[in-house]
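**Q** Chains as they are written, first to last, in the numbering used here: chain A, 10 to 387; chain B, 4 to 469.
Check the hints yourself; a few may be wrong.
[To be verified] Calculated lysine-lysine pairs in the DSSO-like style (CA-CA distance at most 27 Å, straight line):
1) A:LYS13 <-> B:LYS149
2) A:LYS67 <-> B:LYS306
3) B:LYS212 <-> B:LYS149
4) A:LYS67 <-> B:LYS99
5) B:LYS435 <-> A:LYS13
6) A:LYS12 <-> B:LYS49
7) A:LYS96 <-> B:LYS212
8) B:LYS72 <-> A:LYS12
9) A:LYS13 <-> B:LYS438
10) A:LYS12 <-> B:LYS99
11) A:LYS12 <-> B:LYS427
In case anyone wonders, no lab produced these hints; they're calculated from the structure.
Chain residues, written in single-letter form:
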Amino acid sequence: MSKKYCIFITTLFCAFIGLFLVANAAAPDREFSEMENRNLEQMPALSAKSLLSGEFMKNFETYTTDQFVGRDAWIGLKSSTERVLGKQENNNVYFCDEDTLITRFDQPDAAKVSENLNYVNTFVENVDIPVTFSLIPTQACIWADRLPAGAPNASQTDLLDQAKATVPGATWADLYSSLWEHKDEDIFYRTDHHWTSLGAYYGYTALAEALGYTPVPLDTYTETVRSTEFYGTVFSSSGVRWVSPDTITTYVPDTGITVTSYTYDSAGNPVEVPRSLYDTSFLSVKDKYSMFLGGNQSLGVVKTPNADKPKLLILRDSYADSLVPFLTPHFSEIHLIDLRYYKLSLSDYIQQNGIDQALVLYSVPNFVTDSNLFWITR
Amino acid sequence: MVFSSLYFLFLYLPIVLLVYYITPLKWRNLWLLVVNLIFYGWGEPKYIVLMLFTIVLDYFMGLVVARCKEQDNDKGARIAVAVALVLNLAILFFFKYWDLVARTLQYVGIGMPVLNLTLPIGISFYTFQTMTYPVDVYRGDAQVQKNIVNFGTFVTLFPQLIAGPIIKYKELADQMTYRTHSPEQFASGVQVFTVGLAKKVLLANNIGKLWDVYLALPADQLTTAGAWLGVAAFSLQLYFDFSGYSDMAVGLGRMLGFEFLRNFNYPYISKSVTEFWRRWHISLGSWFREYLYIPMGGNRVSKPRMFFNLFVVWAATGIWHGASWNFLVWGLYFAVLIILEKAFLGRVLEKLPAAVQHIYTLFLVLVSWAIFAVEDFGHLGSYLAAMFGSAQGGLYSDSVGYYFTSFLPMLIIGCVASTPLAAKLWAKLPVKAVKIVLPVVLLAGLLFSTAYLVDATYNPFLYFRF
């Protein structure tokens, strides 16, 4: 190698590291990453204390990585490289057939599962209204045939059987059979962990007998496309960039329906925030699934014009948000409680609000990892 | 601080190089000392004090030894060497092995407090580098270093501070006072560094994910095929991690005008365990040979005494790798194999076909990595049992197939990269082709490594994921 060529290689390397030094210094820091749905690390405060404890260095490392220029593009390059190298998963998400991304489901902690099931059992015994219980099997179960060959996948049906057997006091609704029967339809999002409105409809038909209504035929409704640009949570965690977006649709009209979210202001006073069955403002941000009932809430009450119908309480996760529209013709009020935030006595709530029946409905992965079900026994 | 991080590559390194090259020659070591200490103190700033103590101790002991020798005071010189060795080893013992001893004694009912100290980064490496300096001065192998900045720069030299190669003072003494810098040396440093970075970030970290799967697998799910797949992944991970780090050290050294000896020489192509250890972590082997094996008499003693010496050396080599008893077992495992090879096995092997020699070596090395990697003896037992056919999960499961196909391209790349094949092909390329391909390969290595490093904090927070 000639001296000239060595100078060229030297320059190339120095230019590469120098370029990013300058670019990182010049580029403004980002507060929030939509792609990752989290706040990015900001420049840590420099003090003698943070330096001596090593705190500054630790945060600075995260800061330089979080704020690296072109972060999203680098992450896309990494996940594409992984795929080219034959990897079939990234960040706990399987790259599946039919343009689908599915979160891994590993064998849950058996002690946790029976603990949570026992809480539900206690709840059923504590209250004197009929309780319906069910768990929603997810993509990893219903769409298992889309998973890469041999991919580790714990059985969700075993858990469903265990749940049904452990809570004999509740009426079990078999969502699995209903979803399985329609597994070739778009019942789940391909890029999000939730079920679609169509999937929620099949869940609704499976709940009919237990909750005591005759399901409205789907063709009574007109399907409305809300968004064709939905990239959900599984898309975010996978880091992949090559799948096509999902479509969000709704069926049930929201005429005459009011939704109120009960929460507390910063001073601790109870406040009522009006919400709606479909909040279309979420369609312009990344978290589009929150258009159903406006996303997370501690306690939400949906009131319908059908004043003569019974009142339902749902103890639930976010899968219920897209199920609720289908339930509105059959109930006068639907009360939604999220046990992550709601810590008051449920039997009191049932009495004070004249609730006629209760539904405990979680997706399997959420139920087996949830650590707030204890509050259901209060 | 570690080389395979964004702030090292795109902040620390460019600043260190820029200031280094605009600083006049005589101040360059001082600049290096300053940045070395920043590099060292980055993770645990308190230990800078410990580092300064080690520097002053060995610097001072070197002076005492030299002074005693001038005055023909052999006894004084020997005492100074002994003091230096004892103090250095005491520090190493205290920070690295105290808790192991305490836990073991507690196990047999003797109360000794467990301290839970963080291990000062690189202490095993730099202790070995500095404690032999007074020895070399005593033996006349090294000149005494009167300039404490030069000595401190040697001890803390950031390219090799935390993961070797273990460089003896005498090997670097001349370069500490005088070294040349040239574009040829820098450019070759760039190549070696980039290869090392890619080995660490693209190969080791990646293949390591496969090992993580099998290390975490409970014993009742282990299959025989899975156990072998896991340990094969670990062998590749460890090799690329460690040799990648050594390559980066050599490359960074060259960028700063230093020349270090190579630390790995394609160990997995060895035809015997003895050869494997001549190719694996060369600087450690040569350190133990020079400062432990030969002083004990080496092989110029009776056969039983030589075997005893080998046992001592390999026990020390084993426990040097970590404060856990499995490392001792691992070292003794090699002692037995090397003694057997010296006694008769080596001569038998030589007569067998090369393929058999390779399989023999790889098999034994893979088994050794299982002992090395699984620290818990109970789990190690089930892991080895699984490797040798009595796996609780059977011989094979579908998930082994899944992981095997998922990692197959990486494993193939890893196996090929463990041989000199690529280097041989590269050497055969016409100069013209090299000139075009080299910058492309370098840039690709840097770009992909950067992408994987940026991804390291990719951790989407799915608060709505309920």
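**Q** Assess, step by step, whether the Cα of LYS12 (chain A) is no farther than 27 Å from the Cα of LYS427 (chain B), and give holds or violated.
**A** 24 Å, holds
**Q** Holds or violated: LYS435 (chain B) with LYS13 (chain A), Cα cutoff 27 Å?
**A** Distance of about 14 Å is within 27 Å: holds.
**Q** Mind checking the alpha carbons of LYS13 (chain A) and LYS438 (chain B) for me, to see if they're no more than 27 Å apart?
**A** 12 Å, holds
**Q** CA of LYS72 (chain B) to CA of LYS12 (chain A), is that 27 Å or under?
**A** The hint is violated at about 46 Å.
**Q** Is LYS96 (chain A) close enough to LYS212 (chain B), meaning Cα to Cα at most 27 Å?
**A** Distance of about 11 Å is within 27 Å: holds.
**Q** If you draw a straight line from the CA of LYS12 (chain A) to the CA of LYS99 (chain B), is it 27 Å or shorter?
**A** 47 Å, violated
**Q** CA of LYS67 (chain A) to CA of LYS306 (chain B), is that 27 Å or under?
**A** 53 Å, violated
**Q** Straight-line Cα separation of LYS13 (chain A) and LYS149 (chain B) no greater than 27 Å?
**A** 39 Å, violated
**Q** Check the hint pairing LYS212 (chain B) with LYS149 (chain B) against an upper bound of 27 Å on the C-alpha distance.
**A** Roughly 48 Å separates the two Cα atoms, so the pair is violated.
**Q** When you check the alpha-carbon spacing of LYS67 (chain A) and LYS99 (chain B), does it fall within 27 Å?
**A** At roughly 23 Å apart (the allowed maximum being 27 Å), LYS99 (chain B) and LYS67 (chain A) satisfy the hint.
**Q** Taking 27 Å as the top limit, are the C-alpha atoms of LYS12 (chain A) and LYS49 (chain B) close enough?
**A** 44 Å, violated
In terms of the numbered hints stated before, the structure departs from hints 1, 2, 3, 6, 8, 10, listed from lowest to highest.
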